[in-house]
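J.: As a plain string of letters, each chain reads:
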Amino acid sequence: MKNKNVIEVENLSKLFGDFAAVNSISFHVKAGEIFGFLGANGAGKTTAIKMLIGISSPTSGKATIAGFDVYKEAESIKKNIGYMSQKFALYDDLTVKENITFFGGIYGLSKKQIDRKRCELVDELGLQEVANSLVSSLPLGWKQKLAFSVSLLHDPKIVFLDEPTGGVDPITRRQFWEMIYKAAHNGTTIFVTTHYMDEAEYCDRVSIMVNGKIEALDTPKKLKAHYKTDTMNDVFLKLARG
Amino acid sequence: MSIIFYIIRKEFKQIFRNKGMLPIIFILPVLQLIILSNAATYEIKNIQFGYVDADNSSISRRLIEQFQASTYFNVSERFSSEKEASQAMQEGTIDAYLNIPVHFERDLQKDKTNAIGVFVDAIDGSAAGVINVYISQIIQSYNKNIAMDLIQISDSVQKPNSIDSIPLFWYNQTLNYKTFMVPGILVLLVTMITLFLSGMNIVREKEIGTLEQINVTPIKKYQFIIGKLFPFWVLGMGLLTIGLILAKVIFNVPMIGNLGLLYAYTSVYILVILGMGLFISNFTDTQQQAMFIAWFFVVIFILMSGLFTPIESMPKWAQILTEFNPVKYFVEIIRMVMLKGSGFTDILPLAIKTLAYAILMNGLAVWSYKKTS
Numbered sequence: 001m002k003n004k005n006v007i008e009v010e011n012l013s014k015l016f017g018d019f020a021a022v023n024s025i026s027f028h029v030k031a032g033e034i035f036g037f038l039g040a041n042g043a044g045k046t047t048a049i050k051m052l053i054g055i056s057s058p059t060s061g062k063a064t065i066a067g068f069d070v071y072k073e074a075e076s077i078k079k080n081i082g083y084m085s086q087k088f089a090l091y092d093d094l095t096v097k098e099n100i101t102f103f104g105g106i107y108g109l110s111k112k113q114i115d116r117k118r119c120e121l122v123d124e125l126g127l128q129e130v131a132n133s134l135v136s137s138l139p140l141g142w143k144q145k146l147a148f149s150v151s152l153l154h155d156p157k158i159v160f161l162d163e164p165t166g167g168v169d170p171i172t173r174r175q176f177w178e179m180i181y182k183a184a185h186n187g188t189t190i191f192v193t194t195h196y197m198d199e200a201e202y203c204d205r206v207s208i209m210v211n212g213k214i215e216a217l218d219t220p221k222k223l224k225a226h227y228k229t230d231t232m233n234d235v236f237l238k239l240a241r242g
Numbered sequence: 001m002s003i004i005f006y007i008i009r010k011e012f013k014q015i016f017r018n019k020g021m022l023p024i025i026f027i028l029p030v031l032q033l034i035i036l037s038n039a040a041t042y043e044i045k046n047i048q049f050g051y052v053d054a055d056n057s058s059i060s061r062r063l064i065e066q067f068q069a070s071t072y073f074n075v076s077e078r079f080s081s082e083k084e085a086s087q088a089m090q091e092g093t094i095d096a097y098l099n100i101p102v103h104f105e106r107d108l109q110k111d112k113t114n115a116i117g118v119f120v121d122a123i124d125g126s127a128a129g130v131i132n133v134y135i136s137q138i139i140q141s142y143n144k145n146i147a148m149d150l151i152q153i154s155d156s157v158q159k160p161n162s163i164d165s166i167p168l169f170w171y172n173q174t175l176n177y178k179t180f181m182v183p184g185i186l187v188l189l190v191t192m193i194t195l196f197l198s199g200m201n202i203v204r205e206k207e208i209g210t211l212e213q214i215n216v217t218p219i220k221k222y223q224f225i226i227g228k229l230f231p232f233w234v235l236g237m238g239l240l241t242i243g244l245i246l247a248k249v250i251f252n253v254p255m256i257g258n259l260g261l262l263y264a265y266t267s268v269y270i271l272v273i274l275g276m277g278l279f280i281s282n283f284t285d286t287q288q289q290a291m292f293i294a295w296f297f298v299v300i301f302i303l304m305s306g307l308f309t310p311i312e313s314m315p316k317w318a319q320i321l322t323e324f325n326p327v328k329y330f331v332e333i334i335r336m337v338m339l340k341g342s343g344f345t346d347i348l349p350l351a352i353k354t355l356a357y358a359i360l361m362n363g364l365a366v367w368s369y370k371k372t373s
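Protein chains in written order, with the UniProt record's numbering: chain W, 1 to 242; chain R, 1 to 373.
The set of hints was computed from the structure by calculation and includes no laboratory data.
Please note: incorrect hints may appear among the correct ones.
[Claimed, not checked] As a list, the in silico DSS-like pairs of lysine-lysine whose alpha-carbon atoms are at most 25 Å apart:
(1) W:LYS111 <-> R:LYS45
(2) R:LYS353 <-> R:LYS328
(3) R:LYS328 <-> R:LYS340
(4) W:LYS30 <-> W:LYS143
(5) R:LYS371 <-> W:LYS87
(6) W:LYS4 <-> W:LYS87
(7) R:LYS340 <-> W:LYS111
(8) W:LYS72 <-> R:LYS353
(9) R:LYS316 <-> W:LYS112
(10) R:LYS316 <-> R:LYS221
(11) W:LYS111 <-> R:LYS248
(12) W:LYS72 <-> R:LYS13
(13) W:LYS4 <-> W:LYS97
(14) R:LYS178 <-> W:LYS87
(15) R:LYS83 <-> R:LYS110
(16) W:LYS79 <-> R:LYS206
(17) W:LYS97 <-> R:LYS13
(18) R:LYS45 <-> R:LYS221
(19) W:LYS79 <-> R:LYS220
(20) W:LYS87 <-> R:LYS316
(21) R:LYS221 <-> R:LYS206
(22) R:LYS206 <-> W:LYS143
(23) R:LYS220 <-> R:LYS353
(24) W:LYS182 <-> W:LYS62
(25) R:LYS316 <-> W:LYS97
(26) W:LYS62 <-> R:LYS371
(27) R:LYS353 <-> R:LYS371
(28) R:LYS206 <-> W:LYS87
(29) W:LYS4 <-> W:LYS112
(30) W:LYS157 <-> W:LYS87
[Unchecked claim] Pairwise CB distance ranges, derived in the manner of DEER restraints:
(31) R:TRP295 <-> W:ILE171: 34 to 40 Å
(32) R:ASN38 <-> W:THR172: 46 to 52 Å
(33) R:LYS316 <-> W:TYR71: 32 to 38 Å
(34) R:LEU28 <-> W:GLY67: 17 to 23 Å
(35) R:TRP295 <-> W:GLY42: 18 to 24 Å
(36) W:SER60 <-> R:TYR222: 36 to 42 Å
Since the structure is predicted, the reported quantities are computational estimates derived from the model, not experimental observations.
Just so it is clear, CB atoms sit at the ideal spot from N, CA and C, and this is done for glycine as well.
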């Protein structure tokens, strides 16, 4: 599995009229990698992710996810990926358990599998006491952890996380990254966007998008060496300011 | 199949957990049915009626007495001149007045014929027509009596020849407007509730972002749509049942035809409405937008359904438009089945059109629902 590319992107573009939200980006991600997808607000990250997860058609270019083509095999891609959007997208008016059951159900897991996963997940997240409470009553940090776990329910090969830790306190962010490491350790490829540069340091490799283009792509260590700075923060500022 | 089951279960949970929505679904329609059915009537009662009696004879007084005896007229005032009477109509205090000329009795006896003026406020044209008919009926029946009297007095050889028409009102013998309106209003309620709920439901998921989450799952379009719409189909059928019970218990509306047939038809009809709701929600981004568009169509559907105004009286182009109005079909069928006792073959032509409509609308809805934009 290792060293095999699970995401391959070549000259991928998305135009809205004359505006190129994503302008001919190319990169690849290896199996089991934690890939940081950075960029300022409006740089085109979310647009790019939407093309990769098969809910937005590219204007041009090529991309294969888990070996499936984004144009022709979007539905096959969806079987193999998990996705957590920047907007919390579980059902507030369902309980923790009901959310897990529902998403397990629509991913086509068997009743047995769902029951097992539900128990595991509630235990791992320490949500026993609120398992039957409505999700709306949970604090944001718990919700985000739950959403991440739900995106992993069907054991996807790749999971896409779009700003998973936005608005979350430092302790919960730390716990969140522990969960990410654990998933990566189990062989899941992680594709994550973030605005926190300390989080960028946790990634195996990062790309930095500026105005729809990927301006830099390497390990955090090499990027810092290349831009002669000590932190990813400075790397980001140098690039984003152009 | 089981994927659909998970969606259906989730929808039902959400519907019954939504404390703001539940009363809208179940209590408002009941109130509307009760209130509207009592209020929506074509019966013209309590006509404010005035008169000018310049003759002041026994014949003219007896004529006025006829009006006083009628339950439709409130005989308010005797005006001393026509000017006064027309002034009252201008002010809106009377709906109609009678102008009995001087020497009315004398001329009638001499010439065997005479004319009196009837003036009706015709701002509401259809009401004016009805008032005119009532007044003419009273005058005519009085006329006959007078004619008999005059024959005796003058001992004429002339025999009054007249043709009497004796109306028999079929299917609604007592011309009870509730019998006529309740089934129609029930159709409106079932239509409105299912259209609004299905239209807003999917848009709501767009708003809160869960639709995107659904779209990144490998779920098939048909699974999602059936799972989403089935609960509202059940709600629609439930509303029909509640409405039919109320119609029977409160309004005692006759149910001559086969209720099974009515349910079978409704099950197809609701599919049309759900397809429309889904179609609307595919082209809107917020619940407000969906609501406005749904309202736009509902108002047209109601006014062109034949519920309040007969379709036969509409201009030709409007009649053609009503062919695209599903509410028209249901109003017609529910009246046919409940009041006339029409059977399967009677409603078949309309039912086939409805089925075609359902297939078309749901085809469009499924086509326009895109997991990938």
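J.: All hints, please: hold or fail.
T.: Do the hints match the structure? See the list:
{"no.": "1", "hint": "W:LYS111 <-> R:LYS45", "result": "65 Å, violated"}
{"no.": "2", "hint": "R:LYS353 <-> R:LYS328", "result": "11 Å, holds"}
{"no.": "3", "hint": "R:LYS328 <-> R:LYS340", "result": "17 Å, holds"}
{"no.": "4", "hint": "W:LYS30 <-> W:LYS143", "result": "29 Å, violated"}
{"no.": "5", "hint": "R:LYS371 <-> W:LYS87", "result": "18 Å, holds"}
{"no.": "6", "hint": "W:LYS4 <-> W:LYS87", "result": "31 Å, violated"}
{"no.": "7", "hint": "R:LYS340 <-> W:LYS111", "result": "51 Å, violated"}
{"no.": "8", "hint": "W:LYS72 <-> R:LYS353", "result": "37 Å, violated"}
{"no.": "9", "hint": "R:LYS316 <-> W:LYS112", "result": "62 Å, violated"}
{"no.": "10", "hint": "R:LYS316 <-> R:LYS221", "result": "40 Å, violated"}
{"no.": "11", "hint": "W:LYS111 <-> R:LYS248", "result": "45 Å, violated"}
{"no.": "12", "hint": "W:LYS72 <-> R:LYS13", "result": "36 Å, violated"}
{"no.": "13", "hint": "W:LYS4 <-> W:LYS97", "result": "36 Å, violated"}
{"no.": "14", "hint": "R:LYS178 <-> W:LYS87", "result": "51 Å, violated"}
{"no.": "15", "hint": "R:LYS83 <-> R:LYS110", "result": "28 Å, violated"}
{"no.": "16", "hint": "W:LYS79 <-> R:LYS206", "result": "22 Å, holds"}
{"no.": "17", "hint": "W:LYS97 <-> R:LYS13", "result": "13 Å, holds"}
{"no.": "18", "hint": "R:LYS45 <-> R:LYS221", "result": "55 Å, violated"}
{"no.": "19", "hint": "W:LYS79 <-> R:LYS220", "result": "12 Å, holds"}
{"no.": "20", "hint": "W:LYS87 <-> R:LYS316", "result": "52 Å, violated"}
{"no.": "21", "hint": "R:LYS221 <-> R:LYS206", "result": "15 Å, holds"}
{"no.": "22", "hint": "R:LYS206 <-> W:LYS143", "result": "19 Å, holds"}
{"no.": "23", "hint": "R:LYS220 <-> R:LYS353", "result": "29 Å, violated"}
{"no.": "24", "hint": "W:LYS182 <-> W:LYS62", "result": "31 Å, violated"}
{"no.": "25", "hint": "R:LYS316 <-> W:LYS97", "result": "58 Å, violated"}
{"no.": "26", "hint": "W:LYS62 <-> R:LYS371", "result": "20 Å, holds"}
{"no.": "27", "hint": "R:LYS353 <-> R:LYS371", "result": "30 Å, violated"}
{"no.": "28", "hint": "R:LYS206 <-> W:LYS87", "result": "11 Å, holds"}
{"no.": "29", "hint": "W:LYS4 <-> W:LYS112", "result": "32 Å, violated"}
{"no.": "30", "hint": "W:LYS157 <-> W:LYS87", "result": "22 Å, holds"}
{"no.": "31", "hint": "R:TRP295 <-> W:ILE171: 34 to 40 Å", "result": "49 Å, violated"}
{"no.": "32", "hint": "R:ASN38 <-> W:THR172: 46 to 52 Å", "result": "59 Å, violated"}
{"no.": "33", "hint": "R:LYS316 <-> W:TYR71: 32 to 38 Å", "result": "50 Å, violated"}
{"no.": "34", "hint": "R:LEU28 <-> W:GLY67: 17 to 23 Å", "result": "53 Å, violated"}
{"no.": "35", "hint": "R:TRP295 <-> W:GLY42: 18 to 24 Å", "result": "36 Å, violated"}
{"no.": "36", "hint": "W:SER60 <-> R:TYR222: 36 to 42 Å", "result": "31 Å, violated"}
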